[in-house]
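*Asks:* Each chain is listed here by its residues.
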Amino acid sequence: MKAGLILGAGLAGVFVAAALVSFAWVPHDIGGVDIAARLRPPGAGHLLGTDHFGRDILSMIMVGARTSIAVALVAVGIGIGVGVPLGLWAAARRGSWADEVISRAGDLIFAFPSLLIAVMITAVFGPSAVNAIIAIGIFNIPVFARLARGAAMSLWTRDYVLAARVAGKGGFRISAEHILPNIANLLIVQGTIQFSLGILAEAGLSYVGLGAQPPVPSWGRMLADSQTMIAIAPHMALFPGLAILLTVLGLNLLGDGLRDLLDPRLRRRRT
Amino acid sequence: MLRYALRRLISLGVTLLVASLVIFLALEVVPGDPAAYMLGVNARPDTLAALRAELGLDQTPPARYAAWVAGMLTGDLGLSYTYRTPVVDMIVERLQVSLPLAVYALALSTLIAFPAGIWAAARRGSVVDVVVMGVTQLGVAIPNFWFAMLMVLVFSINLRWFSAGGFPGWEAGVGPGLKALTLPAVALALPQASILARIMRSALIETLSEDYIRTARAKGLSRGQALWRHALRNAMIPVLTIIGLQFSFLLAGVIIIENVFFLPGLGRLVFQAIAARDLIAVESVVMFLVFAVVVVNFAVDLAYAWVDPRLRGRR
Numbered sequence: 009m010k011a012g013l014i015l016g017a018g019l020a021g022v023f024v025a026a027a028l029v030s031f032a033w034v035p036h037d038i039g040g041v042d043i044a045a046r047l048r049p050p051g052a053g054h055l056l057g058t059d060h061f062g063r064d065i066l067s068m069i070m071v072g073a074r075t076s077i078a079v080a081l082v083a084v085g086i087g088i089g090v091g092v093p094l095g096l097w098a099a100a101r102r103g104s105w106a107d108e109v110i111s112r113a114g115d116l117i118f119a120f121p122s123l124l125i126a127v128m129i130t131a132v133f134g135p136s137a138v139n140a141i142i143a144i145g146i147f148n149i150p151v152f153a154r155l156a157r158g159a160a161m162s163l164w165t166r167d168y169v170l171a172a173r174v175a176g177k178g179g180f181r182i183s184a185e186h187i188l189p190n191i192a193n194l195l196i197v198q199g200t201i202q203f204s205l206g207i208l209a210e211a212g213l214s215y216v217g218l219g220a221q222p223p224v225p226s227w228g229r230m231l232a233d234s235q236t237m238i239a240i241a242p243h244m245a246l247f248p249g250l251a252i253l254l255t256v257l258g259l260n261l262l263g264d265g266l267r268d269l270l271d272p273r274l275r276r277r278r279t
Numbered sequence: 009m010l011r012y013a014l015r016r017l018i019s020l021g022v023t024l025l026v027a028s029l030v031i032f033l034a035l036e037v038v039p040g041d042p043a044a045y046m047l048g049v050n051a052r053p054d055t056l057a058a059l060r061a062e063l064g065l066d067q068t069p070p071a072r073y074a075a076w077v078a079g080m081l082t083g084d085l086g087l088s089y090t091y092r093t094p095v096v097d098m099i100v101e102r103l104q105v106s107l108p109l110a111v112y113a114l115a116l117s118t119l120i121a122f123p124a125g126i127w128a129a130a131r132r133g134s135v136v137d138v139v140v141m142g143v144t145q146l147g148v149a150i151p152n153f154w155f156a157m158l159m160v161l162v163f164s165i166n167l168r169w170f171s172a173g174g175f176p177g178w179e180a181g182v183g184p185g186l187k188a189l190t191l192p193a194v195a196l197a198l199p200q201a202s203i204l205a206r207i208m209r210s211a212l213i214e215t216l217s218e219d220y221i222r223t224a225r226a227k228g229l230s231r232g233q234a235l236w237r238h239a240l241r242n243a244m245i246p247v248l249t250i251i252g253l254q255f256s257f258l259l260a261g262v263i264i265i266e267n268v269f270f271l272p273g274l275g276r277l278v279f280q281a282i283a284a285r286d287l288i289a290v291e292s293v294v295m296f297l298v299f300a301v302v303v304v305n306f307a308v309d310l311a312y313a314w315v316d317p318r319l320r321g322r323r
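First to last, the protein sequences are chains E and F.
9 is the number of the first residue of the first sequence in the numbering used here; add one for each residue after it.
9 is the number of the first residue of the second sequence in the numbering used here; add one for each residue after it.
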């Protein structure tokens with residue numbers, strides 16, 4: 009399934025590139041209001057049309073890509089940065105109180121529907137992109153902790169780990185030098201999947217007003233804005249949604265492709 | 009089995025207790041005084057003090073936590089700050105929308121996913137399989153609220169088959185009620201059905217390669233007979249787990265989808281309560297949703313252990 013990998017990387021690449029290009033150049037400035045140009049359908053001047061303030065939708069999508077990608081990326085970073093060490097620690101001290109606490113805390117977080125964590129954080133600190141990152145990040149921590157713990161557990165029985173122990177290495181060094189490199193593949197694949205889930209979550213949160221606040225453009229809020237205009241300007245709803253769909257699709261294809269590439273044993277079990 | 013159930017029941021109690029503590033502490037640090045918020049900036053100090061006493065805000069946090077938990081155990085979640093009605097009544101009222109919606113979506117998702125997954129697995133590699141896999145790949149990637157908006161555009165605005173939002177209430181009859189929930193349920197079901205169909209397909213393909221299927225075929229069963237009589241039943245275990253887990257996703261999804269369709273369910277209640285700084289309501293609704301998720305997962309675990317005795321020994 010190399011085709012999926014290439015298509016996925018291509019799609020994801022386009023949106024990352026759009027986000028990066030937007031720092032230097034966008035087709036139209038999106039800072040100002042241009043009522044004369046409002047609700048233009050897609051056409052020559054504005055490739056994807058304009059919104060209810062006359063802002064260019066293509067430019068908004070490019071700048072919005074930054075928000076989506078940044079929120080999802082940092083949230084995955086939190087998940088990996090906190091979750092993986094915890095998972096490795098739990099595996100190294102299998103059966104200890106640390107293992108028990110880490111596993112039970114993970115169960116606890118999974119008991120909260122992901123969006124509820126965001127809702128609570130918003131209730132406490134108010135809506136913002138940073139709080140969206142924290143909410144999505146918190147949910148990512150047990151995902152990576154479980155993955156790392158499960159994968160590390162089976163590695164602890166390997167001969168090379170035994171050899172390292174005989175050589176006098178402690179749990180920390182073994183985890184860092186022998187276990188981590190061997191579970192890196194799994195982490196990359198899961199990271200891609202969580203990245204795509206993060207994009208979806210960010211879009212959902214900003215759609216209900218719990219994510220990035222104006223004037224920071226975000227795909228979810230573009231969709232929220234478009235909702236009341238959907239009968240007269242369907243293009244306003246169409247393109248931001250397509251951007252989310254294609255980015256998530258690309259990342260999912262990329263994740264599947266990477267899994268096949270990095271771990272041929274899983275190829276048969278593909279879902 | 010009984011010992012397993014008992015152990016899981018204790019862990020369920022502990023989870024709920026810790027969750028209640030987390031929720032309480034999280035909302036405890038919220039800046040601002042709800043009483044001051046309700047009365048506005050010009051409130052007289054004695055009015056403020058009276059309201060604080062009425063809401064129990066003059067007590068210490070541990071006392072308020074104890075009162076909240078004790079109330080929950082007796083089915084009393086306190087009075088909403090803004091609506092001045094018991095939070096329990098509000099939850100029960102909103103549940104009449106949210107619960108049917110979640111069940112409707114779960115039923116649709118299963119009805120779509122089973123045939124699609126079984127068909128794709130039975131004709132692995134065929135056009136059907138490729139189409140099912142392609143469509144489900146899209147279904148997993150589509151934001152459900154966007155899909156909901158597109159359906160509104162097509163079925164409400166252009167075709168005028170459904171209303172674009174709102175809920176007539178069950179007093180209007182089951183038919184109109186279900187009709188109002190149809191588009192939201194489809195929007196919720198599509199991503200879930202996609203995941204479920206993929207799980208169904210891969211679980212079936214896995215079991216179809218087992219030795220007992222070969223034995224069944226050797227006895228003279230056709231491919232179809234082997235699939236229906238032997239493979240399907242064994243493939244159901246992972247599928248059932250996912251259906252249980254999806255309930256939690258559906259509850260989260262309900263929160264967003266209700267906002268798309270302006271449905272007076274729990275999801276909208278949460279947002280209204282946050283906007284009004286009605287912390288008692290937020291706290292209790294969140295706790296209720298966590299309770300629902302934990303209990304459903306508990307039931308799934310038990311069903312699982314009942315179906316597969318090997319699982320009872322683990323943890």
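Everything labelled a hint here was simulated from the structure, so no lab data went into it.
Careful: at least some of the hints might be erroneous.
[Unchecked claim] Label-pair ranges, simulated between beta-carbon atoms:
(1) Tyr-73/F <-> Arg-112/E: 18 to 26 Å
(2) Asp-42/E <-> Leu-167/F: 32 to 40 Å
(3) Trp-314/F <-> Glu-108/E: 50 to 58 Å
(4) Ala-71/F <-> Phe-133/E: 24 to 32 Å
(5) Val-24/E <-> Pro-69/F: 42 to 50 Å
(6) Val-100/F <-> Ala-32/E: 49 to 57 Å
(7) Asn-193/E <-> Val-136/F: 49 to 57 Å
(8) Ala-307/F <-> Arg-101/E: 26 to 34 Å
(9) Val-29/E <-> Leu-167/F: 35 to 43 Å
(10) Pro-223/E <-> Ala-58/F: 41 to 49 Å
(11) Gly-21/F <-> Ile-240/E: 51 to 59 Å
(12) Tyr-312/F <-> Thr-236/E: 43 to 51 Å
[As the list claims (entries may be wrong)] Derived coverage of chain E by chain F (criterion: at least 3 residues anywhere in the stretch with Cβ under 8 Å from a Cβ of chain F; other residues may be distant):
(13) 189-201
(14) 236-242
Where is the CB? At the ideal position from N, CA and C, for every residue including glycine.
*Asks:* Should the hint that Trp-314/F and Glu-108/E are 50 to 58 Å apart at their CB atoms be regarded as holding?
*Replies:* About 26 Å separates the Cβ atoms of Trp-314/F and Glu-108/E, which means 50 to 58 Å is violated.
*Asks:* Does the Cβ pair Val-24/E, Pro-69/F satisfy 42 to 50 Å?
*Replies:* holds (46 Å)
*Asks:* For the range 35 to 43 Å, tell me whether the beta carbons of Val-29/E and Leu-167/F fit it or not.
*Replies:* Since the Cβ atoms of Val-29/E and Leu-167/F sit about 39 Å apart, the hinted range of 35 to 43 Å holds.
*Asks:* Can the suggested window of 32 to 40 Å be confirmed for the beta-carbon pair Asp-42/E and Leu-167/F?
*Replies:* holds (34 Å)
*Asks:* Could you tell me whether the CB distance from Tyr-73/F to Arg-112/E stays inside 18 to 26 Å?
*Replies:* At 21 Å between Cβs, range holds.
*Asks:* Measuring from beta carbon to beta carbon, are Gly-21/F and Ile-240/E in 51 to 59 Å?
*Replies:* holds (54 Å)
*Asks:* With a C-beta cutoff of 8 Å, work out whether three or more residues of the stretch 236-242 of chain E approach chain F closely enough for the coverage to hold.
*Replies:* Since three or more residues must qualify, the claim that chain F covers the stretch 236-242 of chain E holds, with 3 doing so at under 8 Å.
*Asks:* Is the hinted range of 24 to 32 Å satisfied by the C-beta distance from Ala-71/F to Phe-133/E?
*Replies:* holds (25 Å)
*Asks:* Given the hint of 49 to 57 Å, check if Asn-193/E and Val-136/F actually sit that far apart at their C-beta atoms.
*Replies:* violated (32 Å)
*Asks:* May I ask you to test the hint 41 to 49 Å on the CB atoms belonging to Pro-223/E and Ala-58/F?
*Replies:* holds (42 Å)
*Asks:* Please test the hint of 49 to 57 Å on the beta carbon pair from Val-100/F and Ala-32/E.
*Replies:* At 55 Å between Cβs, range holds.
*Asks:* Quick one: are Tyr-312/F and Thr-236/E within 43 to 51 Å, going by C-beta?
*Replies:* holds (45 Å)
Checked against the numbered hints given earlier, the structure breaks hints 3, 7 and 13 and satisfies all the rest.
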